[in-house]
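First to last, the protein sequences are chains A and B. Per this note's numbering, the first sequence runs over residues 554 to 881. Per this note's numbering, the second sequence runs over residues -5 to 213.
Any given hint might turn out to be false.
Unchecked claim - Facing chain B, a subset of chain A residues (Cβ under 10 Å, in silico):
1. Lys583
2. Asn866
3. Asp877
4. Leu878
None of these hints come from the bench; they were simulated from the model. Where a beta carbon is used, it is the ideal one built from N, C-alpha and C, also for glycine.
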Amino acid sequence: MIKELHIQNYRLFKDFKIKNLGQVNLIAGKNNTGKTSFLEALMLYESRGDNYFLAKLISTIIENRVGKNNGFTRSELIASIIYLKQEKDLSIKINDLILQTDFNKNTKKINGLSKVKNLTLATQLPNSAIKETLTLFDNKIKNYILSDYYGYVSSSIEHNNNIRWHKIALRPEEDIIIDALKIIEPRVIRLNIQNDNAIIRLKGNDKPSSINSLGDGINRLLTIALEMVAAKGSVLLIDEFETGLHHSIQEKVWDFIFQLSKKLNIQVFATTHSKDCLEAFYEIASKKDYENMGKYFRLERDKKLGIKPISVNMRQLKTAILHDLEIR
Amino acid sequence: MGQQKLILEGPNDKHVIENLCATHLPRPKGYESRTKYKHFVEIGGGDNGVLELLDTSLATVSDLTNIGVVMDCDLNFLPNKRWDAIKKILVQNGYSHLPKEISSYGITIIQDNLTKIGLWVMPDNTNSGYLEHFYEQLISPSDKMLIRAKSEVAKIIQEKENRFSETHRQKAIIHTWLSWQETVGLPLGTAMNKSYINKHTPIALKFIEWMKNTFDFEL
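Isolated chain A (complex conformation):
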């Protein structure tokens, strides 16, 4: 489990340190305080500098940030995405392992990791790699799974669930997914996903129905559940937890996440803007079953450090919610 994290020179993060991370972490902060970048830094680290993966990651970041047909050339975008303008070395330190670049020697290394590959960062990607990125971006974006290294739920309601599903269909993990869907629709008994269309069978109905007929929330929940199962023993990243989830079910979704992360040994990092989400998180994180599992912190701009974390413990969280203090 990631206990400590130190990010240097990644986008807004000049010298960011946080200790005592929990198993389920909720991250808030105003706009442009680096919530999404924080998740990206974790992705970079979790990918362990795998070239092929990095190319995929970059193309995904591009899509998430600027969409398609944005008028920029790919290389401009890539250069703007990875923050290396001042040629400062990027370093992401987790517990005792470091992923870092070394521009002076023009070599890239991963200290302390046994599997050392050439870590090539975007600004230095050879043309062939950029080509590969673009090919992936253009042709495979619909089809590929973001990562085998971690689970990832983006801030968009649209998500490709197809491949994740086919890895677990007809296996015991399928039951976990059905149980998750029951949070929103207790009558769900079967699920199938074909060409991105999820269809379900409801108890008492002879015909299958499209999952879309049950609203955005259940689609979001499906994605979270599939990504969690895929993240077994690893990390799950959720960008904007509240997307598509009505406040009345957020507690139940947190309960599911806490329970499953315990069972499957997953460490969760979720970002939020929402007060409802924070309150629902507190209600579940303060349960006795999940003692010491939850951690809440806010990202804030800082002149010297770029971004700094403000940690709020459970006792303070309770006081803040009780008195309606603004701690997001």
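With chain A held as given, fit chain B onto it using these hints.
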């Protein structure tokens, strides 16, 4: 513009202090209504609640510019004990070089890049007591009913007929006194608008001075 917060122990403190402020002060900067200090006044809920709220506010809220704290000084100790408890929280949150003792004007702390802090310990930063001791000083000392309420309460205690604890003697006096007015038994805050309460006594003006030192008000 950041937020300002006045943290109090309970609803009686709130009603009395809000009324006093409405008489003497313009509205605090950043708050819309002068009479209804919504979100400006926070009730901590007893002394521990106040300390907890102060600590949480300092540690976790980013845009607080001013915090004022009003606490009782229970009868078994002196105002400096309250100041010591507050001091401990301030030090944990990055404050340094804090005064050793509270003066009769209360405490005001201004430090670079940190929230401005004020502390007033009821009744007067010098003696032990609580809101009802402060309240008595808004009543004319020659008020016949006040003298009588005091002697009746003393008598009840002397004869061991008191159902209230002796530390609440002053509460008994003030509430008895309130129950002997034209409108019987008004709450402390509501009675503030009656002619038998003087909002310009030395203690009232001293408290208002402390408010001015602690918070920013609209001009």
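task: Hint by hint, work out which the structure violates, then give me just those numbers in ascending order.
output: Structure breaks no hint.
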